[in-house]
Amino acid sequence: MGKAMGSEPLGKLYNGKKAKRRREWRGFKDTWYDYVHWLGIWGTLIKFMLHPANLKAFFRYRWMVNYLAVPDFFDRHTEGMRGTQLRVARVALELVVRDMCKSMSVMFRADPACGNDRALNEKLVVFDENMMSQIMNGFPNLKWVSVEVPAVYTCAMMAQDGVLYYLDAAQEYGIPNDVCPMPAAELGVALEGDYPKIGRCAVQCNTTCDGSLMGNGIMASRMDIPTFQLAVPIRHGEESVQQYAAEEILNAIDFIERQTGETFDWDAFFATMKRFNQETEQLLEWYDISRTPYPQITGNSLSLYRYAVYMAAGGRVQDFLDTDHRLTKLAMRGYARGELTAKEVRHRAITWGVQSAYYTAFGIWLQNCWGIVTLVDMLTLCSTRMIDTQDKDKAVYDLAYLYEKMIMRSRSNGGYEVGVADLWRFCESFQVDMVIMYAHMGCKSMSGYHGLFEEEARARGIHLVWATHGLMDARGVSRKDMRTEVNRYMRTVLREEPLDPSLEEIDDEMAW
Amino acid sequence: MKDLVHIYELERLLQDTCNDAVRRAKEEGRYAIGSVCGMIPEPLLNLDNCFSVRLRAPKTGSMEMGTYYMTSIMCECARALLERAIEGGYGFLDCIIAPDACAQMNRCVENIDKLRLIEKDGFFVTYSDVPMKSDETALRHYVRQMRQYVLEPLHDRLGIDVSDAALRRALERQNRVNRLVMQIGEYRRENRPRITGYEFAVLCLATFVCPKDYIVPLLEDVLEQLRTREPDAGNPYRARVVMVGSEIDDPELIRLTEEAGALVVADSYCLGSFPERMEIQPNEGEDVLTQICRHYMERGQCPRFMNTAKIEERHEFVDALAREYRADGVIYQQIKFCDYWGYERAYAAKVMREQYGYPVLSVDRPYVVGSSGQLRTRVQAFVESIEIKKLSS
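Quick note, the sequences are listed as chains A and B, same order. Per our numbering, the first sequence starts with residue 1, numbered consecutively. Per our numbering, the second sequence starts with residue 513, numbered consecutively.
Hints were generated in silico from the structure; no laboratory data involved. Some hints here could point you the wrong way.
As the list claims (entries may be wrong) - Distance condition first, Cα-Cα at most 25 Å in a straight line; then the derived SDA-like pairs of lysine to any residue:
#1 Lys394/A - Val655/B
#2 Lys626/B - Ala421/A
#3 Lys632/B - Glu417/A
#4 Lys632/B - Glu455/A
#5 Lys848/B - Phe426/A
#6 Lys102/A - Phe59/A
#7 Lys862/B - Asn177/A
#8 Lys862/B - Trp466/A
#9 Lys143/A - Gly174/A
#10 Lys17/A - Thr484/A
#11 Lys29/A - Leu55/A
#12 Lys626/B - Glu257/A
#13 Lys626/B - Trp424/A
#14 Lys197/A - Gln867/B
#15 Lys848/B - Gly174/A
#16 Lys143/A - Lys29/A
#17 Lys197/A - Glu824/B
#18 Lys626/B - Asp433/A
#19 Lys848/B - Ser574/B
#20 Lys901/B - Gly174/A
#21 Lys571/B - Val875/B
#22 Lys862/B - Pro71/A
#23 Lys626/B - Glu238/A
#24 Lys626/B - Glu455/A
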């Protein structure tokens with residue numbers, strides 16, 4: 001118990017209940033920092049709940065109860081951290097929470113069942129969960145909103161049983177249980193009537209996978225607002241599809257213009273995309289640091305934050321750029337001091353495949369228990385191409401390219417080159433010796449490469465450790481099962497002993 | 513009924529991917545083009561001295577190697593094809609022209625490609641991006657993709673004539689087959705059809721897996737015979753159904769359905785007759801490639817078409833078939849683990865039942881149906897439910 005990383009056996013904190021035995025002692029300075037920020041999160045949540053529309057929503061929507069676990073989410077995602085690591089995690093993830101609160105406040109204010117602000121509702125354009133929001137940068141008078149993100153995606157991260165009710169609803173409807181739980185849960189929410197009925201119009205997309213686009217089709221029939229389906233090319237690595245991708249972006253813009261009466265504002269678009277480009281530059285800085293022996297912005301602090309920057313904020317929110325700069329400063333300081341992200345960095349790893357939503361803290365466990373530092377993950381490794389901010393024609397092509405490189409689909413669609421071959425290129429670039437291969441049981445896109453991954457990793461001398469999971473459904477594969485796969489590999493193949501033996505077997509079956 | 517002429521020969525042709533007709537064409541020096549999806553227009557694969565062979569894995573037993581490479585959560589059809597490729601079953605192919613239409617079939621082809629399972633000199637694989645919506649923007653994209661990933665490789669790698677004139681000839685050959693299949697299928701409208709769903713499924717499937725010129729004389733004989741073929745006295749079937757859903761590359765499923773009492777009078781599944789054997793209507797003012805692509809895009813009923821108009825069109829299409837062929841019910845079936853049909857089946861079953869008023873059987877099934885007792889029981893129960901409904905009305 002102390003200020004040094006790894007000074008306390010963290011497994012002791014798990015007691016088989018929803019909450020841990022107690023919060024972690026990190027030495028006075030870090031504990032004080034963490035405690036103040038923990039209070040700050042409560043402050044953010046209480047402030048959010050003081051708004052009458054939000055309070056109504058809390059009692060109207062079943063999924064809202066998951067957000068009671070937000071403080072616990074932070075404890076999970078800062079476990080064992082000290083110094084720079086702790087600050088990076090807190091700074092990055094707290095902004096995501098604040099931004100989510102703002103976005104949800106807008107949603108509930110417009111919601112006829114809560115705030116019923118009709119004028120605001122006319123300004124909302126509902127976007128598909130996994131779809132980039134950047135088209136909306138050209139509509140400064142309108143507001144982008146995604147109803148699926150707060151209802152499903154983040155819920156599953158807050159509580160491991162957060163969306164099971166909706167999964168069951170989808171299966172009761174007739175959706176097979178072998179499809180990806182994410183679109184199934186999203187559909188379940190629609191079937192239960194648990195999305196706010198908001199928006200002037202909607203734009204859906206063939207995001208992530210075949211299941212996702214199929215779920216959208218059924219959801220569109222229940223949204224009762226004009227809906228445009230944006231078809232983004234599947235073979236996005238090919239030059240031959242770029243023209244179609246660009247034409248579809250223009251079709252989507254045209255649809256929004258016709259539905260809302262607004263005109264696409266190129267000046268506003270360019271201004272926000274400049275900010276987005278600056279955010280990308282910051283990301284590249286972090287990658288550079290991660291290529292050194294002293295990576296600083298890694299794991300969830302990178303991935304969960306970056307999803308928000310890349311997909312949701314999309315250059316429209318100055319706070320994110322400011323925070324990027326702050327994170328870079330922290331990272332540079334940590335690097336200069338030679339701070340490590342774990343007590344001992346035994347393995348530098350990339351995570352590939354989609355991570356488990358019900359166990360996003362898996363990466364934290366990997367580093368605390370086994371010294372496996374996950375430098376970067378598949379979902380973060382999307383486009384880093386700069387968007388042209390002067391030439392409209394080029395900008396449309398760049399925007400189309402960005403949409404093709406949406407999180408997940410940039411790897412799950414597009415074939416072997418982006419799904420498999422790129423992994424080995426990243427392994428070389430980040431000098432990793434291990435790949436944590438998430439085997440999401442409903443993800444056919446990545447499962448189709450199972451044998452190729454095995455054989456090619458072996459040929460390259462890279463340790464490939466499978467971590468099977470059910471994305472949003474922990475009933476088939478629990479958090480413990482995921483850890484067991486790693487434990488077995490580390491003990492039987494690598495013959496290693498854990499850094500923190502108390503974490504090897506923990507009881508978090510009932511935890512949030 | 514008197515045996516359908518050539519039925520045994522057609523059944524025999526379905527027993528092997530590299531069947532007698534394929535072997536004969538290869539001996540004549542023609543090129544065998546492997547196909548895995550209806551999104552690549554068939555006439556493009558039957559140009560000049562090429563012929564298309566839709567990949568199947570008849571008599572599939574174990575899929576262990578396919579499962580190792582693609583895991584047990586993948587579509588069994590994709591796994592079975594990979595297994596067959598590992599066994600060397602597709603060594604006769606000169607290329608595979610594949611769209612990136614469904615992720616699972618794409619992974620199957622990529623595994624065949626990357627594992628170099630077909631070692632023939634000059635063998636190649638192409639992947640194209642095919643439309644997910646039906647509109648003019650998508651059509652232009654479709655045409656460009658077919659030109660770049662089908663016509664150009666065929667010309668550059670195999671020296672195939674891909675001129676407009678060659679395309680027209682291929683289109684006419686295709687239409688000849690399509691017309692014959694549809695004419696034969698018309699007899700399924702009768703009160704006591706003079707052709708069973710199983711027989712029809714056999715000859716229809718044969719048109720996807722044999723060179724067209726080989727199959728045409730057989731179809732002509734069948735059509736000729738049907739003009740005078742007398743159906744059996746009495747009606748052994750208790751219900752008429754439309755079979756809808758994912759790929760059926762083994763007519764045993766249709767046989768099983770009919771043995772359980774449901775005559776399959778119309779179909780809308782991959783490798784069936786609707787819409788794949790509907791005549792490609794030429795139009796003035798468009799080049800022939802665009803005409804072909806337009807037909808496949810506008811007529812296509814694959815659930816991967818994601819725009820709302822197309823989704824609704826799929827339900828209307830099945831409704832129209834059921835009305836025209838006087839079906840008592842609809843069977844939606846899918847090969848297990850198919851994401852597209854997993855959603856479409858659930859949704860369409862609901863819509864057809866609640867909005868259109870049809871009794872619907874909604875089932876998922878393994879790739880190899882064989883004599884599945886479970887499936888037979890489901891169909892029997894469905895037939896009984898239709899009978900009860902008829903009685904009560």
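Against the structure, the hints come out as follows:
1. Annotation: proposed proximity of Lys394/A to Val655/B holds, straight-line Cα distance about 23 Å (limit 25 Å).
2. Taking the CA atoms of Lys626/B and Ala421/A, the gap is near 11 Å; set against the 25 Å cutoff, the hint holds.
3. The straight-line distance between the Cα atoms of Lys632/B and Glu417/A is roughly 23 Å, inside the 25 Å bound, and the hint therefore holds.
4. Proximity of Lys632/B to Glu455/A is assessed by CA-CA distance (about 23 Å); at most 25 Å being required, the pair is judged to hold.
5. In summary, the hint linking Lys848/B to Phe426/A is not supported, as the alpha carbons are separated by about 35 Å, beyond the 25 Å threshold.
6. The straight-line distance between the Cα atoms of Lys102/A and Phe59/A is roughly 18 Å, inside the 25 Å bound, and the hint therefore holds.
7. With a CA separation close to 17 Å, the supplied pair Lys862/B and Asn177/A stays within the 25 Å bound.
8. Our distance criterion of 25 Å between C-alpha atoms is broken by Lys862/B and Trp466/A, whose separation comes to about 38 Å.
9. Restraint check: the Cα-Cα separation between Lys143/A and Gly174/A comes to about 34 Å, which exceeds 25 Å; the hinted pair is violated.
10. Between the alpha carbons of Lys17/A and Thr484/A the distance comes to roughly 20 Å, so the proposed pair stays at or under 25 Å and holds.
11. Note on Lys29/A and Leu55/A: the hinted pairing is violated, with a Cα-Cα distance of about 35 Å set against a maximum of 25 Å.
12. Under the criterion of a C-alpha separation no larger than 25 Å, the hint pairing Lys626/B with Glu257/A is inconsistent with the structure, at around 45 Å.
13. For the hint linking Lys626/B to Trp424/A, the alpha-carbon distance of about 15 Å falls within 25 Å, and the restraint holds.
14. Taking the CA atoms of Lys197/A and Gln867/B, the gap is about 23 Å. The hint holds against a cut of 25 Å.
15. For the proposed pair Lys848/B and Gly174/A, the alpha carbon gap of about 13 Å is at most 25 Å, so the pair holds.
16. The suggested pairing of Lys143/A with Lys29/A is violated, with an alpha-carbon distance near 41 Å, which exceeds 25 Å.
17. The straight-line distance between the Cα atoms of Lys197/A and Glu824/B is roughly 22 Å, inside the 25 Å bound, and the hint therefore holds.
18. Of the supplied pair hints, the one linking Lys626/B and Asp433/A holds, its CA atoms being roughly 24 Å apart against a limit of 25 Å.
19. Between Lys848/B and Ser574/B the alpha-carbon distance is near 16 Å, which keeps this suggested pair within the 25 Å criterion.
20. Pair hint Lys901/B plus Gly174/A holds up; C-alpha atoms about 22 Å apart against a cutoff of 25 Å.
21. The hinted pair formed by Lys571/B and Val875/B meets the criterion: a straight-line CA distance of about 22 Å does not exceed 25 Å.
22. At roughly 42 Å between alpha-carbon atoms, Lys862/B and Pro71/A are farther apart than 25 Å, so this suggested pair is violated.
23. A hinted pair counts as satisfied when its Cα atoms are at most 25 Å apart, and Lys626/B with Glu238/A qualifies at roughly 18 Å.
24. With a C-alpha separation of about 11 Å, the suggested pairing of Lys626/B with Glu455/A holds against the 25 Å cut-off.
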